[in-house]
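Asker: Chain by chain, the residues:
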Amino acid sequence: MAQSKFFILIVFFFVMSVAMAQAMDEDLLQEKTKEVSKTLRCAVCQSESIWESNATLAIQMRDIIRERLIEGESPDEIRAYFISRYGDYIVFKPRFRGINILLWGGPFLLLAIGAFFLHRNLRKWTTQSTQTGPEHLNPIDEKQRKRIEAELRSLK
Amino acid sequence: MKRFETWHIFLLAGLLALVVLFYKGLWGDPTALPPVIISKPAPDITAPALLEAKNISLKAHLGKVVVLNFWASWCLECKEEHRFLLAIQKRFENNPDFVMYGVNYQDQEKLAKEYLQIHGNNFEHMVDEKGKISIDYGVYGVPETFVIDRKGIIRHKQIGPVFGDVYSNIVENVIEPLLNEPA
Numbered sequence: 001m002a003q004s005k006f007f008i009l010i011v012f013f014f015v016m017s018v019a020m021a022q023a024m025d026e027d028l029l030q031e032k033t034k035e036v037s038k039t040l041r042c043a044v045c046q047s048e049s050i051w052e053s054n055a056t057l058a059i060q061m062r063d064i065i066r067e068r069l070i071e072g073e074s075p076d077e078i079r080a081y082f083i084s085r086y087g088d089y090i091v092f093k094p095r096f097r098g099i100n101i102l103l104w105g106g107p108f109l110l111l112a113i114g115a116f117f118l119h120r121n122l123r124k125w126t127t128q129s130t131q132t133g134p135e136h137l138n139p140i141d142e143k144q145r146k147r148i149e150a151e152l153r154s155l156k
Numbered sequence: 157m158k159r160f161e162t163w164h165i166f167l168l169a170g171l172l173a174l175v176v177l178f179y180k181g182l183w184g185d186p187t188a189l190p191p192v193i194i195s196k197p198a199p200d201i202t203a204p205a206l207l208e209a210k211n212i213s214l215k216a217h218l219g220k221v222v223v224l225n226f227w228a229s230w231c232l233e234c235k236e237e238h239r240f241l242l243a244i245q246k247r248f249e250n251n252p253d254f255v256m257y258g259v260n261y262q263d264q265e266k267l268a269k270e271y272l273q274i275h276g277n278n279f280e281h282m283v284d285e286k287g288k289i290s291i292d293y294g295v296y297g298v299p300e301t302f303v304i305d306r307k308g309i310i311r312h313k314q315i316g317p318v319f320g321d322v323y324s325n326i327v328e329n330v331i332e333p334l335l336n337e338p339a
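Sequences listed follow chains A and B, in order.
All letters in the first sequence, in the order written, are residues 1 to 156 by the numbering used here.
All letters in the second sequence, in the order written, are residues 157 to 339 by the numbering used here.
None of these hints come from the bench; they were simulated from the model.
Predicted model only: the values in this text are computed from it and were never measured.
A couple of the hints might just be wrong.
Said to hold, decoys possible - Think about it this way: if two alpha-carbon atoms lie no more than 30 Å apart in a straight line, the pair counts; the simulated DSSO-like pairs of lysine-lysine are:
(1) B:307 to B:246
(2) B:180 to A:93
(3) A:32 to B:246
(4) B:288 to A:38
Stated by the list, open to error - Computed list of chain A residues with no C-beta within reach of chain B, every gap over 10 Å:
(5) 52
(6) 95
(7) 141
What the hints assert, rightly or not - Reference excerpt, derived from the structure (chain A facing chain B, CB under 10 Å, subset only):
(8) 83
(9) 86
(10) 89
(11) 91
(12) 106
(13) 109
For every residue, glycine included, the Cβ atom is placed at its ideal position computed from N, Cα and C.
Using the sequences provided together with the hints, build the complete structure.
Answerer: Below is the structure:
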């Protein structure tokens, strides 16, 4: 009797652990499906990812992502598959190649041009201001010089 | 007045190029979708036939010119183009190197069969279960039509209905020249 109770307990724990492992796998798979789906544009919606959309095409694409993840494909491989079918349009984040380089590098290029001009102009201004020493001032006449000296003496 | 330096010219040229790029973008069609799959090998298809209890395989038709038309019974434009599809099949049905298939997309089998009964039919159709075929071909919606050459390469993709000028273009400038290419 005690033996059969022990056996039932073992079977119960075994079934529970298998069920828990399956649930964890399912959660992980769902999380990965979500991660990939969020980076892909729903081709028939307005600015929605296939994770957010309920369009049939988006649902079918999510199923394909799930199947490919189960088959062992990486998120990058899955994205590459969709790009090969729909082009760069399907990904929210454009790839760093071709005309896309302009998109990625454009802001940095404009920033560099702006920094160059700023540096150039600042240097010009500072050079001008350092040149504005006493030797570059217009000479003053004797009357003005005496007045300035008198004012400076009164300050003492 | 200061004279132009080399970097001035480069900067102006760069800015001008950006303006041209943006101007060109203004007149582009925002709904235009890039047909990236053209000139690539047609993904293989093995799918159940809609009207018969059998499987259809695209691989079996290597060496032939294949027309694939994605359609659905709920699609209004598909109804408009249907008689033109029948006309394509009629025009080439005696050519052993030509084959045309319909791919039923996001549809109900019963409605699809009724549609073909009402609008007539002279070519075979397959069922796109779970959208795998349409996603494999980069289909956005229906109708879309693909023309595949004898080597199994996708040579033409038509987004939207095949009628009027589009029909003439596909028949005269795509299918006929491909059929005239050596096997």
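Asker: Now look at each hint and say whether the structure bears it out.
Answerer: Hints and how they fare:
1. A distance of roughly 23 Å separates the Cα atoms of residue 307 of chain B and residue 246 of chain B; the hinted pair therefore holds under the 30 Å criterion.
2. Restraint check for residue 180 of chain B and residue 93 of chain A: the C-alpha separation of about 23 Å stays at or below 30 Å, so the hint holds.
3. Restraint check for residue 32 of chain A and residue 246 of chain B: not satisfied, since their Cα atoms lie roughly 49 Å apart, outside the 30 Å limit.
4. In summary, the hint linking residue 288 of chain B to residue 38 of chain A is supported, as the alpha carbons are separated by about 20 Å, within the 30 Å threshold.
5. Remark: the non-interface label on residue 52 of chain A is consistent with the geometry, its nearest Cβ contact in chain B lying 18 Å away (cut-off 10 Å).
6. The claim that residue 95 of chain A lies off the interface holds: its Cβ sits roughly 13 Å from the closest Cβ of chain B, which is beyond the 10 Å cut-off.
7. For residue 141 of chain A, the non-interface assignment is confirmed: its Cβ lies about 36 Å from the closest Cβ of chain B, beyond the 10 Å cut-off.
8. Using the Cβ-Cβ criterion of 10 Å, the hint placing residue 83 of chain A at the interface with chain B is satisfied: the shortest such distance is roughly 8 Å.
9. The criterion of a C-beta within 10 Å of any C-beta in chain B is met by residue 86 of chain A, whose closest approach is roughly 5 Å, and the hint holds.
10. Proximity of residue 89 of chain A to chain B holds as hinted, the smallest CB-CB distance being about 6 Å (cut-off 10 Å).
11. Hint status for residue 91 of chain A: violated, given a least beta-carbon distance of 12 Å to chain B, over 10 Å.
12. Using the Cβ-Cβ criterion of 10 Å, the hint placing residue 106 of chain A at the interface with chain B is satisfied: the shortest such distance is roughly 8 Å.
13. For residue 109 of chain A, the suggested interface contact is upheld, since its CB lies about 8 Å from the closest CB of chain B, less than 10 Å.
Consistency with the previously given hints fails for numbers 3, 11, ordered from lowest to highest.
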